[in-house]
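S.K.: Letter by letter, the chains look like this.
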Amino acid sequence: MRQWLARQLHLADFTLGALMRRKGRNLMLLAVYTLVIFILASVLFFGSALRREATAALTGAPEVMVQNLVMGRHALSPHEWVEKLKGIRGTRHVQGRLWGYFYDQATGANYTVMVPPKQARDLQVAEGETIIGRSIAEMRDVTRTGYLFLLSPAGRLFKLKVKKVLPAESELLAADLVLLSEADFRRFFSLPADAGYTDVVLSVRNPNEIDTVVNKITRALPQARVITRADILRTYENVFSWREGIVLAMLAAALVAFAIFAFDKASGLSAEERREIGILKAIGWETSDIIAMKLWEGGLVSLFAFVFGVAAAYAHVFLFDAGLLAPVLKGWSVLYPQFSLTPTVDRLQLITLAFVTIAPFMAATLVPVWKAAITDPDVVMR
Amino acid sequence: MTTPMHTTDSQPPAGDIELVDVTKIHNEGQPNAVVAVDGVSLTIPAGRVTVLKGPSGSGKTTLLTLIGCLARPTRGRILLAGEPVSALPERFMTEVRRRTFGFIFQRFNLIRGLSALENVMLPAYPLGIPYRELKRRAMDRLERLQLAHRAGAAVELLSGGEAQRVAIARALINDPPWIIADEPTASLDTRLVEQFLEEVKALKEEGRSLIITSHDPRIWQADVVDMVVSMEDGRITGIEHRHDAAAASAAPAAASEETASGDSAP
Amino acid sequence: MRRITIALILLGIGFAALLAAFVHAGLAQAGRRQVMAENRALVAALGLTDPALFTEARYTRHLTQADLFTPFQDSPASFEHFPSGALVLPPPQIRSSHARLIGGHPPAGTGNPVSPRSE
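Chains as they are written, first to last, in this note's numbering: chain A, 1 to 382; chain B, 1 to 266; chain C, 1 to 119.
Hints listed in this document are in silico derivations from the structure and should not be mistaken for laboratory results. Check each hint, because a few of them may be wrong.
Taking beta-carbon pairs under 8 angstroms as the criterion, some of the chain A residues facing chain B (in silico) [what the hints assert, rightly or not]:
hint	residue
1	Q3
2	W4
3	A6
4	R7
5	H10
6	L11
7	F14
8	M20
9	E209
10	I279
11	A282
12	W285
13	E286
What you are looking at is a predicted structure, and each value in this text was computed from that prediction instead of being measured. Just so it is clear, CB atoms sit at the ideal spot from N, CA and C, and this is done for glycine as well.
Isolated chain A (complex conformation) (with noise of 0.2 angstroms):
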């Protein structure tokens, strides 16, 4: 065993021997495939901890809403669904939601002006008050005023005073919101009390009805559109993950990078290293050496760039809000939560991500090498 041990260090000090002869290069090398893994695992850290956080949070939403669509387009569900609604067995809490968007050209952002829900004891707000994320606070310059100014549509100036700030922890969900008393929303909005609500939502008495509910609702109101929390939870968990959008074109990208990497490897030794080699082998080295010591190189640089670059991963986007990442998902909005994620570590993710940048880089070191630590060593002597 101990043998063993000393042989691989060995090997190892010698195959990093040889890499140190380019320095430069390697260490190149080096770098950019520890950039690659950081920015995977970051991608892969930041989807997880993200799909994590808002499931979590949105299993809290409302288990089933029912809206309007006229001509193919959303329109406003009528007063009456709600008395059609609670009459269907096994609805429970049926109410109409009043809710809809604001551009606020001040700043150029898009807000989402609600009326709280009557069960939201602690967010009720009375006509002339409002209770807003931070993020607008912030943009508006609110704490400094105590109040928030905004045009509406029709032109009317609507001078609100801020009750309360929502907490900084749940920017991620409420940054842009702006609550408002019925009364001032339907006069921000200029919407006459007849003219119905956004959508309605209710919950079901058995959760195992569901499926049997929303059949009735449908029967009930055949052109209505209904939306359950399981069709909410359902977008959430395939948000940012690995099977779409940007994330499977990076991770294609970096297959496609590693594999041309590999085959440009694998297309030959260079003069100089296949007679290496032969000195090796005269010198008393077996081909099982050379072999050994190769599967050193691209273990040593393998593991390498993935401890270092999932590490630093972890830490830019758990320590660092993932800063580089923040643009991206801004992309243009003008208004994006400040938010941090809690720390999540899907271990499964981290295998395949190994496995998927640590064997292609593997083969590449090694397979050129096969076939020139098979040759008989007296070629050294030619």
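Take the given structure of chain A and dock chains B and C to it, following the hints.
M.R.: For chains B and C alone, coordinates are given in the frame of chain A:
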């Protein structure tokens, strides 16, 4: 098949290398086949310095690779101290080679990027000798060659003479009984050649055996050399024994018998 | 010191950093439980349905509430207006069956696309 003539019994003395009708053909069966070594039979005595001389293309380097177990003969047998080695599987052949031979190459062939000390330790890496022990052995070798002060130097920075001694030290790290040197003085000046011959003498005094190929007359005319084998076109054209009176008396008979027995001497 | 010793020390540091990350994650999760519970309560109280990640346009803000027209406003083949289109797809319920969304009844046998069990 010729039998070795310089002993009375049919078995060679322990330690000798015996070649029996050894032939090496490169690219056998193809249009560009080359017969590098053609039916060579030879006994190389242990504890002596043997030189293979001849022009390039004479097959002396190929013969050296066969003796040193770096390649297998196409036909014939090679025996080490009476034991056949040429037919062994690669694994065992490497084992034998590692134990028996130390190599010094034409251009020293030191590995760049490593220090002199590391180059000396290199042949012993696969043996899994603990680092401290191996380092001690290597430093010992370097000390004996007055190179201890250059142990940490990168091999690219060594002078010709220093590189030569590092190559010798490397060949000795596994304490082999046989040293094989292929054109060791090809690019050296007279002073370094003399230095090399001094080392050869020291090695012989330690009880080691040496086989050297060279077309440098300073080598095969040197005092320390015991036997000079001349080769041409893959065949032995002459064997000259020196120093050993008994061998010398037997030699003319051996030489004449070998030249007379059907080899096409020019 | 031998090269391999240095390399192994560095690797050791790296692994230690990874291990620290694992431990940190575990501890941080425990610490965030309170916050996550509060957020869930906020969502339940206000009836929120989407995180406020993509506030570029009304139709990127509430992905789950988007109707058929919104993701395919101009044409299914048109370019994305916003970078968020490269990051997230329209919700699965839109991508599955359209009959539901335009007020018609789905063909017999396709089941209710909004039901999780129909996938």
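S.K.: Each of the hints needs a verdict: does it hold here or not?
M.R.: Okay, the hints, checked on the actual structure:
1. Taken as an interface hint, Q3/A checks out: its beta carbon lies about 4 angstroms from the nearest beta carbon of chain B, inside 8 angstroms.
2. Taking 8 angstroms as the C-beta contact cut-off toward chain B, the hint placing W4/A at the interface holds, the least distance being around 6 angstroms.
3. The interface hint given for A6/A is met, as the beta carbon of that residue sits about 4 angstroms from the closest beta carbon of chain B, less than 8 angstroms.
4. The beta carbon of R7/A is positioned within 8 angstroms of a beta carbon in chain B (closest approach about 4 angstroms), and the interface hint is therefore held.
5. This hint holds: H10/A has a C-beta 4 angstroms from the nearest C-beta of chain B, less than the 8 angstroms allowed.
6. With a least beta-carbon distance of about 6 angstroms to chain B, the hint placing L11/A at the interface is held under the 8 angstroms criterion.
7. Interface restraint check for F14/A: the shortest CB-CB distance to chain B comes to about 6 angstroms, inside 8 angstroms, so the restraint holds.
8. At a threshold of 8 angstroms, the smallest CB-CB gap from M20/A to chain B is about 6 angstroms, leaving the interface hint in force.
9. Look at E209/A: its Cβ only gets to about 71 angstroms from chain B, farther than 8 angstroms, so that hint breaks.
10. Contact between I279/A and chain B, as hinted, is supported at the beta carbon level, the nearest pair being about 5 angstroms apart and thus within 8 angstroms.
11. Among the interface hints, the one on A282/A holds; its C-beta lies about 6 angstroms from the nearest C-beta in chain B, closer than the 8 angstroms criterion.
12. At about 6 angstroms, the closest approach between the beta carbon of W285/A and any beta carbon in chain B falls short of 8 angstroms, and the interface hint on this residue holds.
13. Look at E286/A: its Cβ gets to within about 5 angstroms of chain B, closer than 8 angstroms, so that hint holds up.
Comparing the model with each earlier hint shows a violation of hint 9 alone; every other hint is respected.
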